[in-house]
Every structure is written in structure tokens, then in C-alpha cells.
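S.K.: Below, each chain spelled out in residue letters.
Number of protein chains: 2
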Amino acid sequence: MRPSVPAPGTFAVSAREPHGGARCGVLETAHGPVPTPAFMPCASRGVLRALDSADLESAGVGIIICNAFHLAIAPGGDLIARRGGLHRFMAWPKPLATDSGGYQVFSLAEPRNITEEGVRIRSPKTGEWLLLTPERSMQIQNDLGADLVMAFDECAPFPCEKEYARASFERTLRWAERSKAAHRREDQVLFGIVQGSVYPDLRAEAAERTVALDFPGYAIGGVSVGESREQMLEAVEVSLEHLPEDKPRYVMGVGTPLDLVDCVMRGVDLFDCVLPTRNARHGLLYTWSGIVRLSNAAHRDDDRPLDETCSCPTCRRYSRAYLHYLFRLQEATAWRLLSLHNLHFYAELMRRIREAIGEGRLGEVRGEVEAVTGT
Amino acid sequence: MRPSVPAPGTFAVSAREPHGGARCGVLETAHGPVPTPAFMPCASRGVLRALDSADLESAGVGIIICNAFHLAIAPGGDLIARRGGLHRFMAWPKPLATDSGGYQVFSLAEPRNITEEGVRIRSPKTGEWLLLTPERSMQIQNDLGADLVMAFDECAPFPCEKEYARASFERTLRWAERSKAAHRREDQVLFGIVQGSVYPDLRAEAAERTVALDFPGYAIGGVSVGESREQMLEAVEVSLEHLPEDKPRYVMGVGTPLDLVDCVMRGVDLFDCVLPTRNARHGLLYTWSGIVRLSNAAHRDDDRPLDETCSCPTCRRYSRAYLHYLFRLQEATAWRLLSLHNLHFYAELMRRIREAIGEGRLGEVRGEVEAVTGT
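Line order of the protein sequences matches chains Y and A. In this text, residue positions in the first sequence follow the working numbering: the first is 1, and each later residue adds one. In this text, residue positions in the second sequence follow the working numbering: the first is 1, and each later residue adds one.
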């Protein structure tokens, strides 16, 4: 008998920390299970800078996130649909998420271009105007065919007047309803997004009213937009209190290794962030014996790998001396080899977090992460 | 009993075309044998743009060439020597050649900075002046520790007055003598370089007088500097007539796939050229069914690989549609994937050439190469 395959979106918690909210789980997708907590590197345009899909696999990456807005600009959702979807287009056989374009409302749109209907955004590349609505975002995401898709939201700026934060999350709620109504594919798991800026009462209300719409997963958006670390953790914590235990919970745009641990401790299951690859391109490397700043002249003559305990392709083959040299050349090869290492560090971090939760020693991991990466 | 390892520089011809000068051979080096004819991709600065050493292996590359001048500027021959040599520094375990810096005399030096002693060249990067002499070039190349090293020469410009061409090759001969005298390491195979511009009588004389100095291998320099294809082939042909049959013969800076075949037919064993990787970065790809210009809109919706018969990592995983998209993004990932493909094409071309020589059907390969790549 063929074992039954769990439906996409099925989420089972497999272990919990005795104290606090941390849990391990498995989120089922149409492209396989995602062990959580998990970190999703950002391949916004269907590629991670200087890396290819095979590189992501060799760095131990199990799930990535792309961006519906960027891919709609080029090469277009219709073209990717004709290619058989984004997995096939970018030759990525594993789970994949897409963001709705809501973050681009924050980063690219003028407030005056945000209406009840949707958002007019000008492509930073072509200058072309694009009207993004919940229906249009869902259509693009349906075309792309990612396993996890996001409701169309407004990621409000920071700082943000409370009045605006309320109006914005209420519009996001209406957009969430429209997103759900426009969502077509059962193989895609649709996440609702909780906004509410840094206001605890708004966060609580936004979470409750999003949950009332009943999604198979919930994202916490509107963090990592300039607020302090404490404000971020508070916004996450309050939101989590009002999200169901039996659904996956995803904090968008976070963060440093310590941010991840601290959010996991509060009950977060999924993350995405550009930090590991952006830091790599700037020569900041994470290792289990501390942060390496590769431009530092001390590495010029250093024959050791970045991290002697690391099994990534970069550490298995190259010395700090060679990487330092390539980095100073501003060679694309350096961006690639360094990004591979930092992605591997994040993948290994998540693996250690999952293992620690099962063994009730996440606090230990937190101590180690703080010691080797700081905040 | 342990089989005896042939001394570096040993060259054995294993097959010959019944007509013409083409031959297969094996050139022994301290890092293993090189089956010839062979093509050496240019990793001038100890790295091929957007690629790493593991990529070169997966593209089927068996030998590469780096540049003593560029590596002396940064990171410095002394630093690389402290790292255990260039092989170890760049984690390239296979055969490796270095050019002497003579080509930079052509591309970077002012004529008034060329004296009997050597050449004063200004670093294009740092503005720093470097005095390159035969002794200095050999010291750098000894520091780098490549398997094949080049005598210090002047690559004369094109066009070039006959009087200057004579004075230049005669100086190059004196520099060859000094290079030989300064050469120290027995594990490195030192090539003399034949100059003489496009003048057949000068080429003949230069070849004979270089051979009189007795090198284990000979390079033909001063071609691929702006002269016509016919002039290049004539200069190569005349030089070859005066080079010994039992020594490896290397044409520097050549060329297109058809150039390689035509030089092999005249008896050339080694090549280097930036063409496959430079063309790749410009979206010109070689395939066994014709040249692909990737920017062409026809590839936007093409799900086929670049070459259905190709086993390179790029063709095994990605469609033309995705590569077209990455290329239009000007993404470093595109440079890498496309360079991998063109290097694999060149490696496969050389494999086919070697096989054809053994079977007496190089003319057939020439026909196919001309049909799929033109000149």
C-alpha cells in the first residue's frame, strides 16, 4: 500500500521546549516536508546573487523565498507559468515560498499611490507602472506556483503614526479576505499576514482578526523595518500570543542568528532574511568561533578555512588567504563562495536549533550563538 | 615495484594524423600528465571570473594558465610562495602554467619603458611601477610554482615595422637566455617564446635561434594581437617548421574553435585564450548545433538546454529561458553558468580533436567545427 501523502499545509508539531514557546514541526508542501524552525534565503528575482540552485542545495538550503512583484516585472508570471512554474524555471526541486509584493509597498510605493483597490508601484528597473491588487498578487503567485504563498498586505513604514497603523492593518485585513477569495490552487498554502506596527494593542487585534479569516499559516509582517530589536521582539511576541498553536508561524525579514533563536524561543517556525548573503558580499562571515571580517589584513596570510568545523564547499576547499584576496579583487567568485558559507551557517544554525528543542537545551544554543555572533 | 614517474617536461607523441602535422601527445608535469592537444583557460589573477576551481574541474578543464605580472601586483609572489604556491593558494590540484608577463609589455607598457634590462610597467590598478626583467619574472614564476613557465619576452604590437620586429625578437632572445639562466626549479618546465611578428623570415630566424638555446618546450607568441587570421596561421606555420617535432609547441592567445583545429593540423599542442569565457559573459555560447546568442528574444520561451548533447552542469540543469533571463539581469550567476558551458565546449572540442587524430579523421572534425561555429 502506498503511504498517504499529507495534504500541503498540514503542520505537525513534533517536539516542544519544556519552558517557553519553542517547538519543532514539519510543514507539508507539494514539494516535500519542511522541518521547522526553518530559514528561507531570499531569491527575490528567482536567483540568489552569484549563486545557482545547485549551490543552494550544496549549502544545505531546504526552502527559499522569491518575490512576486519582482518576478512579475521580469520575466513575468505568465512566462514562468508557461515554463511549468517557478520550481521548474529555476530548477529548484524543493519547497519554495513567494512573497506577495506587500513589502514593495513599503520599500517602493508612495503613500499617495496606496488605495483601497491596491497599490500603484513603479518598477525601479523599467520605470513601468504596475497596479498590484490582492487579486493580481494572487494571480501572479498562482502562476509562479510556489508552495507557500502570502496574502497581499501593506508593510507599514517605521516610524508610523498609530492612526495610520490602524488604517493600514484594517486595509490589510480586507486585502487578506480578497486574497483568500482569489486564491485558487490547493497545492499552495496561503499565509495571512499580521500587521500593526509596534503597537501591542493593534498587533493583538490584527492577529485575532487575521485568525478569524482562517488561514493554514500566519506571517508576522511589518517588522525589521527600522524599529529596535526590543520593539521587534515585542511585536512578534504579542502577535504570537494571538496566533493558533497548531498553525505554522512565520516572521518576515528577520534576522540575525540571535534574532532567530529569540523568535524561535517565542514560538516562530519560519524566517526569511537577506542578511546572510548581504553580509557575505560585504565580507562579514559567521563562524562557530566568531564573526570573521574578511577585509581585515590579518587574513592575508591565514591558511585556515573560514571555519575549521564547517563542511560547506567553501570551507572544504579554500583558505582565508585566498578568500581575502578574491574579496579584495571584488570578484563575483568571492560573493559566491562567501554567500555559500553564510547560507550553510544559517542552515546549520537551524539544524542545531531543531536538535536542541528536541533535547530541551535551546538556552544552551542561545548562549553559544550570542557568544559567536553577538546580536 | 613502483612505476617510475616521467620527469616533468617529458613529451611523448602517441598518435599522428597520416597527413599534415597534427599529433596527440602526453606532456608530463609535476601535477600529472597533460594529454595534448590541450586548451588552457586563462585565470590570469588566480581566478576565472565568476568561477571557482571546483567549477573548472566540473567543466572538464585539465590545465589552466595564470599570469605572473598580475599575481605579482596582487597578492604578490612572496605571499603565494608562503601559501605553498599557486596550486595550493587557489586550490587547483591539476597542471597549471604561468605566463611571464611578456604579454603585459604589449598591452600595458609604453615603448619608451622597454630597455635591454627589462620593462617598466605601471599597474593598471594601483598605479605602482614595477620593473619586470627576465630575472624578476623567473623569480615570480618560481615563487608561484606553476608546472609550465614562460621565458620573459616582448610581445610586439601589430602592426609592427620590420626593423622594430627584428630588434624586438633579438632582445627577446637575449631575455630567453637570461630567463634560462635564472630558472631554478626542476619541477617547472620552461618554455622559450618565438616572436618575429608577421614576417616569415624573422619568424624562421627567431624559431631557429630560440631552439638553439634548447628549451623543453616552445611557445609561439606575438600572434592574436590584431593581425588577420591568415597572417596568424602563416606566422604559426613558419614558426612550427623550425621547431623540433619532439617538443611541445604552444600558440599563445589563440583562439576560436576553428583556429584551434587549424593550428592543431599544423602541429600545435597547447593553447590559451580568454575567448570562451569572454564570449560567455557576452552571451555568445558554443554548441554542437551552432552558436547561441543568448540575448536573442527567441530564447525567452525556450525550455531546451543550450545544447541537448552537452553534459556540462549548466546544460544538465537549466533551460535557455532561465539563462536568457539571468543574462538580461546581468547576474553574476549567468556569467558563471555560461562560462562553465563554454569551457566545457572547449574541453570537449579538445577531446574530440585528440580522438580524431588517433583515428585519422581530423578533417571531419574541422568540417563539423566550421559548420557549428564558423571562423
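These are computed hints drawn from the structure, not numbers from a lab. Note that the Cβ used here is the ideal one computed from N, Cα and C, for glycine as well. Any given hint could turn out to be false.
What the hints assert, rightly or not - Quick list of the computed label-pair ranges, beta carbon to beta carbon:
1) A/R122 x Y/P124: 33 to 41 angstroms
2) A/K125 x Y/E308: 50 to 58 angstroms
3) A/A15 x Y/V26: 58 to 66 angstroms
What the hints assert, rightly or not - The following residues of chain A were derived to be distant from chain Y, with all beta-carbon distances above 12 angstroms:
4) R49
5) S53
6) S58
7) R82
8) M90
9) W129
10) L130
11) R171
12) P216
13) R266
14) D301
15) H324
16) L326
17) A334
18) A371
Said to hold, decoys possible - Here chain Y is said to cover these stretches of chain A; the calculated rule only asks that three of the stretch's residues, wherever they fall, bring their Cβ under 8 angstroms from a Cβ of chain Y:
19) 66 to 79
20) 104 to 115
S.K.: Next step is simple, just say for each hint if it's right about the structure.
M.R.: Going down the list of hints, with the structure as the test:
1. With their beta carbons about 39 angstroms apart, A/R122 and Y/P124 fall inside the hinted range of 33 to 41 angstroms.
2. Judged by the Cβ atoms, the range 50 to 58 angstroms given for A/K125 and Y/E308 is violated: they are separated by roughly 32 angstroms.
3. Taken as a hint, the range 58 to 66 angstroms holds for the pair A/A15 and Y/V26, whose Cβ atoms sit roughly 59 angstroms apart.
4. A beta-carbon of chain Y is positioned within 12 angstroms of the beta-carbon of A/R49; the least distance is around 7 angstroms.
5. A Cβ of chain Y approaches the Cβ of A/S53 within 12 angstroms, the least distance being about 7 angstroms, so the stated non-interface status is violated.
6. Distance to chain Y contradicts A/S58 as a non-interface residue, since its nearest Cβ pair spans about 10 angstroms, not more than 12 angstroms.
7. For A/R82, the shortest C-beta to C-beta distance to chain Y comes to about 6 angstroms, within the 12 angstroms cut-off, and the non-interface label is violated.
8. A cut-off of 12 angstroms between C-beta atoms contradicts the statement that A/M90 is not in contact with chain Y; the least separation is 6 angstroms.
9. A cut-off of 12 angstroms between C-beta atoms confirms that A/W129 is not in contact with chain Y; the least separation is 21 angstroms.
10. For A/L130, the non-interface assignment is confirmed: its Cβ lies about 18 angstroms from the closest Cβ of chain Y, beyond the 12 angstroms cut-off.
11. Consistency note on A/R171: stated as away from chain Y, and its beta-carbon is indeed over 12 angstroms from all of that chain's, at 33 angstroms minimum.
12. Every C-beta of chain Y lies more than 12 angstroms from that of A/P216, the closest at about 30 angstroms, which supports listing it as non-interface.
13. Chain Y leaves A/R266 outside its interface by the beta-carbon criterion, the shortest separation being 36 angstroms against a cut-off of 12 angstroms.
14. Non-interface status of A/D301 relative to chain Y is broken: a Cβ of that chain comes within 12 angstroms, the nearest being about 6 angstroms off.
15. The beta carbon of A/H324 sits about 8 angstroms from the closest Cβ of chain Y, which is not more than 12 angstroms, so the claim that it is off the interface is violated.
16. At roughly 6 angstroms, the least C-beta separation between A/L326 and chain Y is not larger than 12 angstroms, which violates its mark as non-interface.
17. Listed as outside the interface, A/A334 is inconsistent with that label: its C-beta sits roughly 9 angstroms from the nearest C-beta of chain Y, within the 12 angstroms cut-off.
18. No Cβ of chain Y comes within 12 angstroms of the Cβ of A/A371; the nearest lies about 30 angstroms off, and the non-interface call holds.
19. Note: the segment 66 to 79 of chain A has 3 residues with beta-carbon separation from chain Y under 8 angstroms; the three-residue rule is met and the coverage holds.
20. Counting residues of the segment 104 to 115 of chain A whose beta carbon lies closer than 8 angstroms to any beta carbon of chain Y gives 0, which falls short of the minimum of three for the stated coverage.
Taken one by one, the earlier hints fail for this structure at numbers 2, 4, 5, 6, 7, 8, 14, 15, 16, 17 and 20, listed in ascending order.
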